[in-house]
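S.K.: In the order they appear, the protein sequences are chains X and S. Residue numbering for the first sequence follows our numbering, starting at 643 and increasing by one per position. Residue numbering for the second sequence follows our numbering, starting at 643 and increasing by one per position.
The hints are simulated quantities; they were obtained by calculation from the structure and are not laboratory data. Cβ atoms here follow ideal geometry from the backbone N, Cα and C, with glycine treated the same way. Do not rely on the hints blindly, as some may be mistaken.
To be verified - Short derived list, chain S residues pointing at chain X, Cβ under 10 Å:
1. 943
2. 956
3. 1037
As the list claims (entries may be wrong) - 25 Å max Cα-Cα, derived DSS-like pairs, lysine-lysine:
4. S:762 to X:695
5. X:803 to X:744
6. S:978 to X:848
2 protein chains.
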Amino acid sequence: MNEQNISENISAIPTEIAHRLESSPQDVRSELWDSLSAEEKGEVLPLLHEEIKESFLKRTTVDEITSITDHMQPSDVADVIDLVPAEVGQEIVDCLSEADKKLVEQSLEFADDVVGRWLKHDAITVSRNRTVAQVIKHIRSISLPVYTDKVLLIDSKRHYKGAVTLASILEASDNLLLSELPLVTDINVLNPNTSLTDLAAVFRIKHFISAPVVDSEGVLLGRITGDDAISVLQDEADRQFMNMAGLDEDSDLFAPVLISAKRRAVWLGLNLLTAFLASFVIGQFEAILEQVVALAVLMPIVASMGGVAGSQTLTIVIRGLALKNLHSGNTQSLLKKELGVASINGVIWALAVGVLASFWFSDPMLGVVIGTAILINLITAAYAGLFIPVLLDKLNIDPALSGSVVLTTVTDVVGFLSFLSMGAWLLT
Amino acid sequence: MNEQNISENISAIPTEIAHRLESSPQDVRSELWDSLSAEEKGEVLPLLHEEIKESFLKRTTVDEITSITDHMQPSDVADVIDLVPAEVGQEIVDCLSEADKKLVEQSLEFADDVVGRWLKHDAITVSRNRTVAQVIKHIRSISLPVYTDKVLLIDSKRHYKGAVTLASILEASDNLLLSELPLVTDINVLNPNTSLTDLAAVFRIKHFISAPVVDSEGVLLGRITGDDAISVLQDEADRQFMNMAGLDEDSDLFAPVLISAKRRAVWLGLNLLTAFLASFVIGQFEAILEQVVALAVLMPIVASMGGVAGSQTLTIVIRGLALKNLHSGNTQSLLKKELGVASINGVIWALAVGVLASFWFSDPMLGVVIGTAILINLITAAYAGLFIPVLLDKLNIDPALSGSVVLTTVTDVVGFLSFLSMGAWLLT
Chain X
643 MNEQNISENI SAIPTEIAHR LESSPQDVRS ELWDSLSAEE KGEVLPLLHE
693 EIKESFLKRT TVDEITSITD HMQPSDVADV IDLVPAEVGQ EIVDCLSEAD
743 KKLVEQSLEF ADDVVGRWLK HDAITVSRNR TVAQVIKHIR SISLPVYTDK
793 VLLIDSKRHY KGAVTLASIL EASDNLLLSE LPLVTDINVL NPNTSLTDLA
843 AVFRIKHFIS APVVDSEGVL LGRITGDDAI SVLQDEADRQ FMNMAGLDED
893 SDLFAPVLIS AKRRAVWLGL NLLTAFLASF VIGQFEAILE QVVALAVLMP
943 IVASMGGVAG SQTLTIVIRG LALKNLHSGN TQSLLKKELG VASINGVIWA
993 LAVGVLASFW FSDPMLGVVI GTAILINLIT AAYAGLFIPV LLDKLNIDPA
1043 LSGSVVLTTV TDVVGFLSFL SMGAWLLT
Chain S
643 MNEQNISENI SAIPTEIAHR LESSPQDVRS ELWDSLSAEE KGEVLPLLHE
693 EIKESFLKRT TVDEITSITD HMQPSDVADV IDLVPAEVGQ EIVDCLSEAD
743 KKLVEQSLEF ADDVVGRWLK HDAITVSRNR TVAQVIKHIR SISLPVYTDK
793 VLLIDSKRHY KGAVTLASIL EASDNLLLSE LPLVTDINVL NPNTSLTDLA
843 AVFRIKHFIS APVVDSEGVL LGRITGDDAI SVLQDEADRQ FMNMAGLDED
893 SDLFAPVLIS AKRRAVWLGL NLLTAFLASF VIGQFEAILE QVVALAVLMP
943 IVASMGGVAG SQTLTIVIRG LALKNLHSGN TQSLLKKELG VASINGVIWA
993 LAVGVLASFW FSDPMLGVVI GTAILINLIT AAYAGLFIPV LLDKLNIDPA
1043 LSGSVVLTTV TDVVGFLSFL SMGAWLLT
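Taking the hints into account, I'd like the entire structure generated from these sequences.
M.R.: Pasting the structure below:
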């Protein structure tokens, strides 16, 4: 068995087709998509990133969409309805069976960022009064859904009454009642209004195979499988990674040039504002820059050291917030640690840069100025790297998306300001 | 059910204890660790990040370590042996049962970044000649391991002969032979030498519940469960995110100050080199900077726009490489797209900054200079953002770790050089 075999093994399955679509430039992608059957399209479409999904839906006729949604889970149909114009959505609903219509409408009651939208209805549910033999017979009569590790117990009103593992059913003797089997104790019961971000956080701590979803009245609505939770977790990680560069997590590798250019222009414009702010600060020191040109030569070093040190603290804090490792109870301890790290590195690099600058420009006082500015900027960077993401998180703004812009603004401004103002004071 | 209930449900389980340990400052952490029983320690230790794991092992006596490893899976014992001094490792091995000793030694034959080290030995394996009734009886006699979705078929020499799903066994009639049941076709058979990075890539495309591990002679060695694969995937995502800021993925939120300071000093030092290189470039233009101080005021804008645009391309390419969406067959298409995006944004922002700078310093030629420099730097950034990570990846250097330093060096140097040299040429 080698790599070759592994990839052969996974070819032709929907996830592999989705991967191939996402790896293809626009023209190849359209060709590949057109070559799929309605059934394949129905299996593949829910696996694609939103952006690509939307572009395919735009170029598909209403008739074809309804034949594609025929092959989809209700939650995925709901997702398609969300992405198409209202009249197309109505047409899709009209083509559904009564049972599916109800499930799709139930999905649509929830926003697309909460558990309720994405739950599956394929859980094996049984009454507690059934015997082991009856349940095994029931399981044999249906097709056991993948990601089934437990059977969910309900009463006559579909109230959730706990779960027993498939393992304990298989191991028990035939005539026992399910109520006599041990209930699963470390189960993650989810609320349909739980956000996907919280789902990812729960799943990070406990990798469940499946989790029941129960509403506030105790009624079992469905389940979330590990499979779904992994996708959510991946999306969260992708989002965080892409957001750090101001990119949308759905950003398509081969998005049309105009769409990409427009999106990135916004980010560049935002960064331009902070760059102009930094330039404005520098502009206040034109007089001293004309006199001591060494300040102009060295000033990027001060800003850059602050930016790099700050982004390290920022990254650690953003990850700590995402993993729920960081909370109000331990922020103070982290501040102490980060200030300690910043002080040590501040002193080391202040001395190093100070000595180098002194020799380069044969001016010991210039070394003192740049060393002090670096120390000030590294300590500022530690405060900013810690408090900017914590504050943004409190304001419900994604720290991964806007943290680095705000941080760079602070370290640039403080870097230039401290270096040039001390220069103006001590070098004339 | 609300958030409260969810977190109560997961308290007291090992993953939750591990999470609490990782969220605690050093002193609280030590106290919590000391309060655990040997069994709890055995369950929790394998879940901790390497750095924390090592610090606990350092402060634990040999006797206690052997009582902790008593409660561990063979692969986790192998991991502990890797982290402790050789004589302690020997003592751990001596305390194992003969069967466990063999499994631990088998694990240790593999490096800790390949599948062979981490496989589990709890797969349900049966001969193809058994009947469905016999297998069900066998399953009932043992405790069904979690993450079991299939039964693996072997011959008398433990050669892997395919797999049948638990579902198809449950649905089949009692007297059928396993060889008469349909084999699973879309299975991911892993090689013990497959790297964890490749495992993550395979798992990303296909979220398997369990996958058999088979050596080059076709012998079944064990299995990897979805649970393990999720951890690997998470670690890969964490590593990528942390590496972008030059941090180790194991970086402990509450690592001791001295250890953190030392590690980050290396990264700051590396960045200082690139900052000095940029300063050296600026230093070549002292004469013109003294004459036209506006160049000093505006030069950070050129460098910063290039850096931001480049890091967007860099991020997209790093993600594309990690998801295996990008390969030699489509790099050319991506280059075309990125150059298109860079040209459009280059022209837009060249005009915007050019006009603003012209008015600010009442010098139209200055606007032409900065506009042209920005256009040049954005196009350079697109090339650099694409080819730096692709090249690093080919050289087996992690592009997430070193890509941004190299990129910033390029955009800083090209930014300052183009802006100042054109300034020297056109503004005197």
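S.K.: Now tell me if each hint is right for this structure.
M.R.: Results of checking the hints against the structure:
no., hint, result
1, 943, "holds, 4 Å"
2, 956, "holds, 7 Å"
3, 1037, "violated, 20 Å"
4, S:762 to X:695, "violated, 38 Å"
5, X:803 to X:744, "holds, 24 Å"
6, S:978 to X:848, "violated, 43 Å"
Consistency with the previously given hints fails for numbers 3, 4 and 6, ordered from lowest to highest.
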